[in-house]
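Q: Given chain X, put chain V with the ligands in place with the hints provided.
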Amino acid sequence: MGRHTVPSVEVRALHVLRGKTMVLNDVDFSIPTGRITGLLGPSGSGKTTLMRAIVGVQRVTSGSVQVLNKAAGSPELRHEVGYVTQAPSVYRDLSVEDNVRYFGAMHGRNRAQAREAIDAVGLGTLAKRRTADLSGGQFSRVSLACALVSEPRLLVLDEPTVGLDPVLRAELWERFARLAAGGTTLIISSHVMEEASHCDTLLLLRAGRLLARLTPDELRVRGATEDLELAFLHMIQADIAGRRGAA
Amino acid sequence: MNPSMLGATAARVLRQLRADPRSIALILVVPAVLLAFVYYLFENETLPPGVPRTFDRVGLMMLAIFPFVVMFLVTSITMLRERTSGTLERLLTTPIHKADLLFGYALAFSIMAALQSLFATAVAYWVFGMDIRGNPGWVVVVAVLNSVLGVALGLLCSAFARTEFQAVQFMPVVVIPQILLCGLFVPRDQMNPILELISNVLPLSYSVDALQEIAAHATSTATMTADLLVMVGFVLAVLLLASPTLRRRTP
Ligand SMILES: Nc1ncnc2c1ncn2[C@@H]1O[C@H](COP(=O)(O)OP(=O)(O)OP(=O)(O)O)[C@@H](O)[C@H]1O
Ligand SMILES: [Mg+2]
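Sequence lines, in order, name chains X and V. Under our numbering, read the first sequence as residues 1 to 247, first letter to last. Under our numbering, read the second sequence as residues 1001 to 1251, first letter to last.
In case anyone wonders, no lab produced these hints; they're calculated from the structure. Hints should not be assumed to be uniformly reliable.
Said to hold, decoys possible - Derived lysine to aspartate or glutamate pairs resembling DMTMM-like cross-links, with alpha carbons at most 25 Å apart:
#1 V:Lys1098 / V:Glu1164
#2 X:Lys70 / X:Glu10
#3 X:Lys70 / X:Glu80
#4 X:Lys128 / X:Asp93
#5 V:Lys1098 / X:Glu80
#6 V:Lys1098 / X:Glu151
#7 X:Lys70 / X:Asp26
#8 X:Lys70 / X:Asp28
#9 V:Lys1098 / X:Asp93
#10 X:Lys128 / X:Glu116
#11 X:Lys128 / V:Asp1020
#12 V:Lys1098 / X:Glu76
For reference, chain X alone in the conformation it holds in the complex (with noise of 0.2 Å):
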């Protein structure tokens, strides 16, 4: 593996029933220290009950997330893991600013690391706006800014870029790389497999299942196309067809 080799997170036998349905079946994998692993599937593949899983706040029905070697969601982790809901979850009538820093307070940030946050999402123009009058994607930004404020040791995002433009989406990931490079773990759930050649790892997701943990180019050469999105397609179809000759 390189540069790194030490889990950040470990997840064995992992089985999550949400309601009446097997949401995650029998997981295993586990994400290098400074990596950015990329989490793909389509919708209500499990990806969003996956990383919350890791975070610590889905309850599981068995199995065992380890996240930098203790249970996930222990008391210790919580200064060390930041979590992005897919939903941005901030206060709608506090400014941006006031929301960064209160989510900051809680890691013992100061005002300048809560400007420094919004900055890096480039809403520092925008700070003292109420994030009730931002554009939609603006408002996923602040959300963004809250995690990046404690500065973590991982972070989980779940698709943080849905609705951002193109501009937007290099510059973020550019800054997830340089994260990376300092030794941040990432997660990253998202939808636009353009996107994923900027991961190191991939993990697919489908029906609950871990269909593969590779990288994108192993993706290419296994979907034999040089276009991730058809790659993911061939395989997704493939799994689908291999089921289908099994059942």
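A: Just chain V with the ligands, lined up with the frame of chain X:
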């Protein structure tokens, strides 16, 4: 508990409130206006000599009831929003302790309640000449304690509501029985025994008792102290019940 997280939470709740001038008006101005209503309602009553004015009795109890009702409403809605917007879940992934969150809310709203009752008590005392023997400072203490009770019950009830409409539905269930039975309409010792028994386990009854003690005696009495301690006990018990409704892990 961590004072800086508790303080940050209280400051955040107050900032949210500041963004909503109508809620501030509800908290600060409306009680004083309603007090004026009560005053003018009984303006022309004729009383035998020596009998206290109805305003002195009813107005005084209203000073206890306002902060309770208003803070219950404001808290249950604010907390419900916190639960449904995902900010609560997010907050619980940070190092904040549940007690910091609960007491942060209680601190913010008791600051507002203190302002409210300072204003309402001042109006009752100086504008309408409310006649109380005891120190009006104690009235403010009872009002603040009542507001914290409203906050605690609001935090708890918000766990059982899915929408803001459902949250408001707890008003007739949780708040109105307490107002009916607290001694405002009929003194508690003249109630039918079953109702009196029920009123004995409702916290608002104790704050009305305490206020009556403050009105009747120049110095603080043992009964008043006991009433206040019972109130504190209720507040802590309700907060303790509310704490497990803040779940860090959900299905
Ligand atoms: N609270 C819940 N109760 C029961 N089932 C749920 C619950 N939340 C999600 N599910 C189900 O679990 C499955 C996985 O959901 P999850 O949110 O993890 O998918 P996802 O991969 O993040 O999808 P998307 O890309 O649309 O966000 C879905 O079939 C969903 O219907
Ligand atoms: Mg999702």
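Q: Run the structure past the numbered hints and jot down the numbers of the failing ones, going up.
A: Failing hints: none at all.
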